[in-house]
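Visitor: So the protein sequences, as listed, match chains A and B.
For the first sequence, the residue numbers in my numbering are 81 to 268.
For the second sequence, the residue numbers in my numbering are 20 to 706.
Some hints here could point you the wrong way.
Stated by the list, open to error - Mimicking DSS-like on lysine-lysine, the simulated pairs with C-alpha atoms at most 27 Å apart in a straight line are: (1) 67/B to 268/A; (2) 454/B to 268/A; (3) 402/B to 268/A; (4) 256/A to 67/B; (5) 313/B to 355/B; (6) 232/B to 256/A; (7) 275/B to 256/A.
Derived by calculation from the structure, the hints in this document are not laboratory data.
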Amino acid sequence: MHGNNVKTAKGIVRFCMAALALVWSVSPGHAAADVTAADVQAIAQTLGFVSNLPSGGVLNIAIVYAQDQAGSEARAGQTAGLLAAIRGPNQRVLRGTSLAVKDLGHAMAAFDAILLMPGTASQGAVINEVVRRRHIISISTDPACLETNCCVLMVSAQGRVRIVLDTALADAVSAKFSSVFAMMVTRK
Amino acid sequence: MIGDKMQPLRNSCLRAFLTIAISTGLALTGLSSGAAYAQSMDYGALEKLFGEPVTTSATGSPQRASDVPANMEIITAADIRRSGADNIPDVLQFVAGMDFRRYSSSQAEVSVRGYNQPNSPRLLVLINGRQVYLDDYGRTAWQALPVQLDEIRQIEVVKGPNSALFGFNAAGGVINIITYDPLQDSANAVTVRGGTQGHVDGSVVVTLHDGDKAGLRLSAGGSKSSEFSTASLPPSLGPYNRSPYQYSFSADGRLKLADTIELTAEATMAQSQGFEVEVSPAFSNSTYRTNSFKLGVAADTRFGLLDVAAYRNELTFAAFSTGVGFPSNNSVYDLKANDLFRVGEDHTFRLGLEYRNNAASGPYFGGKVGYGVFAVSVMWDWKILPELTLTNAVRVDSLNLRFAGSPAIGSKFTLADYNSAQLSEPSFNSGLVYKPTENDTFRLLAARGLQVPSLINFGFQLSSNVGGIPLALGGNPNLKVASVTNYEFDYDRLVASAGILLRASIYYQRTGNLLAGAFNAPLQFGPGGIISYSQNIGSSHAEGGEISLKSTGEAGIRWKASYAYISIADRLTIGAPVGTASMFDYKHGAPASVVDLSAGYSWDRFEFDAQARWQSHFMDYYPIPPANFPTPFQIDDYVTVNARIGYRINDQLTLALAGAQLGQSQMFQAAGTPVERRVTVSLTAGL
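Work out the full structure: start from the sequences and follow the hints.
Guide: Pasting the structure below:
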């Protein structure tokens, strides 16, 4: 019986080695630059942990794009479509409206949050000024937004979900989060 | 007597708690952080956000399962449903590294990484953080847990010691059963099930809400069946209970006192009866009745997340073995307070205080024996780099033993020995977690966990005689705490593109001051007669590892394959008694190799799932009449296969056909009754 066990164990070790080889032979996928349905879903979930958003009704989200980049408006429109297809926290309706960075300054009153499309970080100074002045929470899937201090939250669901909170900007725009959420995200 | 002495203390504790709870609620209103959401963990929303289960069972801090500085597996509600199991141990048996023994239809014993035995003492089991581990014998009566499978959100399995968070008895591992939150979740389900062995069970779970301010979840359930065949058991040690049953009830309520303050109240009861094997080993017909009451306040304040909770557990237990009754009562009061807060961007701290008062009484305790434990704990989580986190947790438990009664005639210990006995023991958990990429995680873990002697080990008192020679079986107030030191290296790799998660771990574990009860310790002969008393009997060490591969997606075929290996060596300081017993033979008491395989597929309205476990042989022990000396009983290698087919009739109704141990009509999985093939049909209505 012990001899059989040794043989069995050797077989299992071979199986484990083969399994390891299989796992390492598969390379990880590459992240895409566009805002995906998974990103939008994660952003919608994240809004449920922002405690100073209006408590009921439709959540209006400005989808901000860089007007100087070709196709950016169309991609913002696609993202608005993704937003409209899902529900936000507590089954709230999400309404996305495309907006160029240049129009940010005079259109913010109607929005509860802004979603910065990839590419807008290059105009971070403008965005930073607006979100601070309007006290509005900004979210982006583009890590570059953290470098230019224009997003309160960076949320990316391409691969493993990553959330980074810019605490200084959050304080500046008076954004508040549930403490449990704040403990689970990376802080800048 | 001891009850009289303790009464003022209990009243003081209760008064203190109520005062603290109410004043905390009022005071915390002034300390509110301004956050406007409930501060209990919203497991559902967080899991949906992060795409993986979340937990607090590793450090006390909310964390994603893939971030915890511990070797943890989380069994989800979907896993439980697809297993087809009608009890928790049958779900746990397919987790890599779990040691599983089924002694009878109603009794199963579970441990992490070997060291299993009847009345498994090293695995701390909790429901929503409330200990359901029984301190009298040091064990978990799985059949008497007041929880229905339909109300469980997830079962968190921590492999390795975690006493720095949970205290005594989180020595080999922890299982924290997390139910749906009555405030955040709407769990409503009715299940009826019937099958072979005359099995019938049913459960109801209902959640009531008052807006988003209050929630109450009520659950009730029960089962009965015929015991597996007892034909192999010695008739002279019977009769054996052949009609096990259990029923339970639970009420769990949450109330938002303010936007940032939440009150929790919980009450449960459970009763069970059936045939089981006790630790010595001995065959018995046992009855459990448990009650519990819990009250807590959680608040988000400018000083962090504060959590104050108190609970009382009550157990009435009776074991009848060869016509002799062993009735006992055990009550526990527990009061604890924690504060979890961040300092700067990279440091999270958790400060904890806990007081625990425990007492057991009954004829074989010679009165009432108990202890008070005061514990202080600190956890520090330091994010050194975005990809590198160091977590350290330290806890010190100080125990004062109390005894009011009479030591067994012939006992070598006096009342004064008991009432002056003190223990003070540190425990720690350290974990370095390195994530060089988002798909790779390395964990380097070190921990010291503690197994406190059970109340029966401290305070058992029995005077008798053998052929006219006086015999004293006694507890021992001078027992040392058994300590489990664990060093471990883990590696996880997620291959997102292929939907595969690899998990591997290797560990070395040393247990010092192994414990053996009076029934098992060697007999000593002296001028006053024969004496046997609980003792620390030496040390043991184990090396082993686990490796698993599993699919991560819900679509297509879901599968998992795992292998666990363990090697144990015992170094006893005393000679093992005649026939020995599980606690003298950990070396042979665990299967060296275990392979678990599972696969499933969802197609339209159908779910098909199957799980298989192969394990190598191990040694258990069996009482042989007339003297009931334990005798070795080898459990041969075996394969067990469980399967389930579920059919979703509509959005509310699911019909399922499930089978357990389909490969053989009966076989021994432990030195109890042979486990039989079982088939059940269930209908679940979920709303």
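Visitor: All hints are to be evaluated individually against the structure, with a verdict given for each.
Guide: Hint by hint, here is what the structure shows:
1. 67/B to 268/A: 23 Å, holds
2. 454/B to 268/A: 18 Å, holds
3. 402/B to 268/A: Since the Cα atoms of residue 402/B and residue 268/A sit roughly 12 Å apart, the hinted pair holds (cutoff 27 Å).
4. 256/A to 67/B: 20 Å, holds
5. 313/B to 355/B: It holds: about 11 Å lies between the C-alpha atoms, which stays within 27 Å.
6. 232/B to 256/A: 20 Å, holds
7. 275/B to 256/A: Within the cut-off at roughly 19 Å; holds.
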